[in-house]
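Number of protein chains: 2
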Amino acid sequence: MSLIIIGTVAFDAIETPFGKTDKIVGGAATYASLAASYFYNKTKIVAVVGDDFKKEDIALLENHGVDTEGLQIKEGEKSFFWSGKYHNDMNSRDTLVTELNVLEHFDPIIPESYQDCEYLMLGNLTPQIQRTVIERLNKRPKLIVLDTMNFWMDIMMDDLLETIKLVDVLTINDSEARQLSGEYSLVKAANKILTMGPKYLIIKKGEHGALLFHEDKIFSAPALPLADVFDPTGAGDTFAGGFIGYLAQVGTVNFNNMKNALIYGSALASFCVEKFGTERLLELDKTTIAARLQQFVSLSSFEITQD
Amino acid sequence: MSLIIIGTVAFDAIETPFGKTDKIVGGAATYASLAASYFYNKTKIVAVVGDDFKKEDIALLENHGVDTEGLQIKEGEKSFFWSGKYHNDMNSRDTLVTELNVLEHFDPIIPESYQDCEYLMLGNLTPQIQRTVIERLNKRPKLIVLDTMNFWMDIMMDDLLETIKLVDVLTINDSEARQLSGEYSLVKAANKILTMGPKYLIIKKGEHGALLFHEDKIFSAPALPLADVFDPTGAGDTFAGGFIGYLAQVGTVNFNNMKNALIYGSALASFCVEKFGTERLLELDKTTIAARLQQFVSLSSFEITQD
Numbered sequence: 001m002s003l004i005i006i007g008t009v010a011f012d013a014i015e016t017p018f019g020k021t022d023k024i025v026g027g028a029a030t031y032a033s034l035a036a037s038y039f040y041n042k043t044k045i046v047a048v049v050g051d052d053f054k055k056e057d058i059a060l061l062e063n064h065g066v067d068t069e070g071l072q073i074k075e076g077e078k079s080f081f082w083s084g085k086y087h088n089d090m091n092s093r094d095t096l097v098t099e100l101n102v103l104e105h106f107d108p109i110i111p112e113s114y115q116d117c118e119y120l121m122l123g124n125l126t127p128q129i130q131r132t133v134i135e136r137l138n139k140r141p142k143l144i145v146l147d148t149m150n151f152w153m154d155i156m157m158d159d160l161l162e163t164i165k166l167v168d169v170l171t172i173n174d175s176e177a178r179q180l181s182g183e184y185s186l187v188k189a190a191n192k193i194l195t196m197g198p199k200y201l202i203i204k205k206g207e208h209g210a211l212l213f214h215e216d217k218i219f220s221a222p223a224l225p226l227a228d229v230f231d232p233t234g235a236g237d238t239f240a241g242g243f244i245g246y247l248a249q250v251g252t253v254n255f256n257n258m259k260n261a262l263i264y265g266s267a268l269a270s271f272c273v274e275k276f277g278t279e280r281l282l283e284l285d286k287t288t289i290a291a292r293l294q295q296f297v298s299l300s301s302f303e304i305t306q307d
Numbered sequence: 001m002s003l004i005i006i007g008t009v010a011f012d013a014i015e016t017p018f019g020k021t022d023k024i025v026g027g028a029a030t031y032a033s034l035a036a037s038y039f040y041n042k043t044k045i046v047a048v049v050g051d052d053f054k055k056e057d058i059a060l061l062e063n064h065g066v067d068t069e070g071l072q073i074k075e076g077e078k079s080f081f082w083s084g085k086y087h088n089d090m091n092s093r094d095t096l097v098t099e100l101n102v103l104e105h106f107d108p109i110i111p112e113s114y115q116d117c118e119y120l121m122l123g124n125l126t127p128q129i130q131r132t133v134i135e136r137l138n139k140r141p142k143l144i145v146l147d148t149m150n151f152w153m154d155i156m157m158d159d160l161l162e163t164i165k166l167v168d169v170l171t172i173n174d175s176e177a178r179q180l181s182g183e184y185s186l187v188k189a190a191n192k193i194l195t196m197g198p199k200y201l202i203i204k205k206g207e208h209g210a211l212l213f214h215e216d217k218i219f220s221a222p223a224l225p226l227a228d229v230f231d232p233t234g235a236g237d238t239f240a241g242g243f244i245g246y247l248a249q250v251g252t253v254n255f256n257n258m259k260n261a262l263i264y265g266s267a268l269a270s271f272c273v274e275k276f277g278t279e280r281l282l283e284l285d286k287t288t289i290a291a292r293l294q295q296f297v298s299l300s301s302f303e304i305t306q307d
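These protein sequence lines map, in sequence, to chains A and B.
Residue 98 in our numbering sits at position 98 of the first sequence, with consecutive numbering throughout.
Residue 67 in our numbering sits at position 67 of the second sequence, with consecutive numbering throughout.
Pulled out of the complex, with its shape left as it was, chain A reads as follows (with noise of 0.2 angstroms):
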């Protein structure tokens, strides 16, 4: 039994208002696991890098438990590569660069040993190569959840509806819910998104939390107000890794768990915004992630004291 997190592994150059970064190790896949691997010991990832990549790159994710044997390195190539800026409320960004380099032709290998997987994260890529991960599964995994983005629905909605259909959680922001389905209201988005396939749907709202919907229940996760976001790449994805991992852990997929485990993901995300890149994640402890914890508990707990 495993958690397969299929995404990218990459090099950004990040600017905040804080300061600025060279090419540091990024990539969906990369914060999705390392967030996973605090929660779940049998995660493993399905990537592509060039030769750029080092092996002490790799042993970031190693040292944390990750296997890496998904990772493809492509000698003679270069790794996927994001640029970006971001603007003084951290909310906006500026895309300065976006090499797809290995990614242009990633073909998503799932080694033999990769066969036992029971809990799947598809991380935002082409909806094609997501399904292809769905096909190439001898077994239906026990919950696949689905991250994906408005570019998609830009350039090939028939596709990503395709893949949306096999998925049990969809993942996506708010303006991505209100594309997807038309609606602006949430609730009739989610009602609407709830018919394509899903049956778990996931609105992230940043630094409003996230909304998750499930027939008609519906939970509303805070976001942790912090004096200062240092940095905001990876956050989602955190949140994602974080969140499947926790499911992974407890084993048993139900609407109460998966309200749990947005907590967790959240969790992560808020240790992920506190310094550039992975740094944060990579120091994490289960003490520090246990206070993270309890401050949630604080800071959406209340009485209902009389009817």
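In case anyone wonders, no lab produced these hints; they're calculated from the structure.
The reader is advised that the hints may include incorrect statements.
Same chains, same label: a pair holds when it works inside one copy or across any pair of copies.
[Said to hold, decoys possible] Here are the simulated DSS-like pairs of lysine-lysine, each with C-alpha atoms no more than 30 angstroms apart in a straight line:
1) LYS139 with LYS199
2) LYS192 with LYS205
3) LYS192 with LYS85
4) LYS275 with LYS55
5) LYS78 with LYS55
6) LYS275 with LYS188
7) LYS205 with LYS275
8) LYS275 with LYS217
9) LYS205 with LYS188
10) LYS188 with LYS199
11) LYS20 with LYS188
12) LYS188 with LYS286
13) LYS192 with LYS275
14) LYS23 with LYS142
15) LYS139 with LYS205
16) LYS142 with LYS188
17) LYS205 with LYS85
18) LYS205 with LYS217
19) LYS78 with LYS188
20) LYS192 with LYS20
Got chain A; can you put chain B on it based on the hints?
Here is chain B on its own, set in the frame of chain A:
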């Protein structure tokens, strides 16, 4: 012992994508006192109207046990009138007409029978009028809540700061918190504002809920996601009225009761937007409110199952 609410009692004409109204009874003190009346039966208002305000309009309030002795009726003058049109997203609106009328020379007279005031809600008015009310009370109330808006920050910040110094709780929205503090991060904004006088700060975020700050503690109240928002007019005032009405009922001011009060206020506000104007607020009962409060419990409860 009583709860006094000062604010506008007015006529509104509202247009939303769902329809439009003729002149209907509105105003901050109307919404807030109706909301408070469900939790506390000694709610009194201080406000002014013209002789166009009918007996049956006043009866709307009195039927809910709201004491209107402090409602001045100016013969030969007209009531404050506001007309607005909401855009399709319901998050923005155009003001079509604002006629101050009686409000232009409003002198808030406190009836002798109001001198037992323990809880005071200063609805959005000029900072001078708000301050006058505090000065005219023989004894400082146990709790003073102040609502204000960006308009007063734009044109009379010094006056506003003088009034803010005198209160216990300030309620503003997120952009107003940023304007008042000069800080973008809401945590930093709150830390600054909590040095300006108020011991508690409530930041209202509309469909994203509300945050309560006190010392180094934060509470995040979710908003109930709704399929249809019919008319947002008065939701913020309803929230404030439910908030202080609950606190007046409980009778003890502390952070825990304040947290609960935010949920009670949010629950009342979630009703307010379901119909035009005060319509939904007028027809509530304890059972309906108790069921809505339970929805807030389901919406935000989770469990930390490990550490």
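Results of checking the hints against the structure:
Only within a single protomer do LYS139 and LYS199 lie at most 30 angstroms apart by alpha-carbon distance; the minimum there is 19 angstroms, versus 58 angstroms between protomers. In this assembly of identical chains, the alpha carbons of LYS192 and LYS205 lie at most 30 angstroms apart whether taken from the same copy (19 angstroms) or from different copies (26 angstroms). Proximity of LYS192 to LYS85 under the C-alpha cut-off of 30 angstroms is restricted to the inter-copy arrangement: shortest distance 28 angstroms between copies versus 35 angstroms within a copy. In this assembly of identical chains, the alpha carbons of LYS275 and LYS55 lie at most 30 angstroms apart only when taken from the same copy (23 angstroms versus 62 angstroms across copies).
Only within a single protomer do LYS78 and LYS55 lie at most 30 angstroms apart by alpha-carbon distance; the minimum there is 15 angstroms, versus 79 angstroms between protomers. When the C-alpha separation of LYS275 and LYS188 is checked against a cutoff of 30 angstroms, the pair qualifies only between copies, where the shortest distance is 18 angstroms, while the shortest distance within a copy is 37 angstroms. For the homomeric pair LYS205 and LYS275, the shortest alpha-carbon distances inside one copy (21 angstroms) and between copies (27 angstroms) are both at most 30 angstroms. Within a single copy, LYS275 and LYS217 get their C-alpha atoms only as close as 35 angstroms, which misses the 30 angstroms cut-off; across copies the closest is 23 angstroms, which meets it.
For the identical chains of this complex, LYS205 and LYS188 are neighbours both inside a copy (16 angstroms) and across copies (21 angstroms), given an alpha-carbon limit of 30 angstroms. Taking the closest pair of Cα atoms, LYS188 and LYS199 come within 30 angstroms of each other only inside a single copy of the chain (15 angstroms); across copies the shortest separation is 39 angstroms, beyond that limit. In this assembly of identical chains, the alpha carbons of LYS20 and LYS188 lie at most 30 angstroms apart only when taken from different copies (23 angstroms versus 41 angstroms within one copy). In this assembly of identical chains, LYS188 and LYS286 lie within 30 angstroms of each other by CA distance solely across copies; the values are 28 angstroms between and 39 angstroms within a copy.
In this assembly of identical chains, LYS192 and LYS275 lie within 30 angstroms of each other by CA distance solely across copies; the values are 24 angstroms between and 38 angstroms within a copy. For a Cα distance limit of 30 angstroms, the shortest separation of LYS23 from LYS142 qualifies neither inside one copy, at 37 angstroms, nor across copies, at 57 angstroms. Neither within a single protomer nor between protomers do LYS139 and LYS205 lie at most 30 angstroms apart by alpha-carbon distance, with minima of 33 angstroms and 45 angstroms respectively. Taking identical chains as interchangeable, the C-alpha atoms of LYS142 and LYS188 lie at most 30 angstroms apart only when both belong to the same chain, with a minimum of 27 angstroms there against 43 angstroms between chains.
Proximity of LYS205 and LYS85 under a CA criterion of 30 angstroms is satisfied in both settings, with 20 angstroms inside one chain copy and 27 angstroms between copies. Taking the closest pair of Cα atoms, LYS205 and LYS217 come within 30 angstroms of each other both inside a single copy (18 angstroms) and across two copies (22 angstroms). Taking the closest pair of Cα atoms, LYS78 and LYS188 never come within 30 angstroms of each other, the shortest separation being 43 angstroms inside a single copy and 42 angstroms across copies. For the identical chains of this complex, LYS192 and LYS20 are inter-copy neighbours only, at 28 angstroms across copies versus 41 angstroms inside a copy, given an alpha-carbon limit of 30 angstroms.
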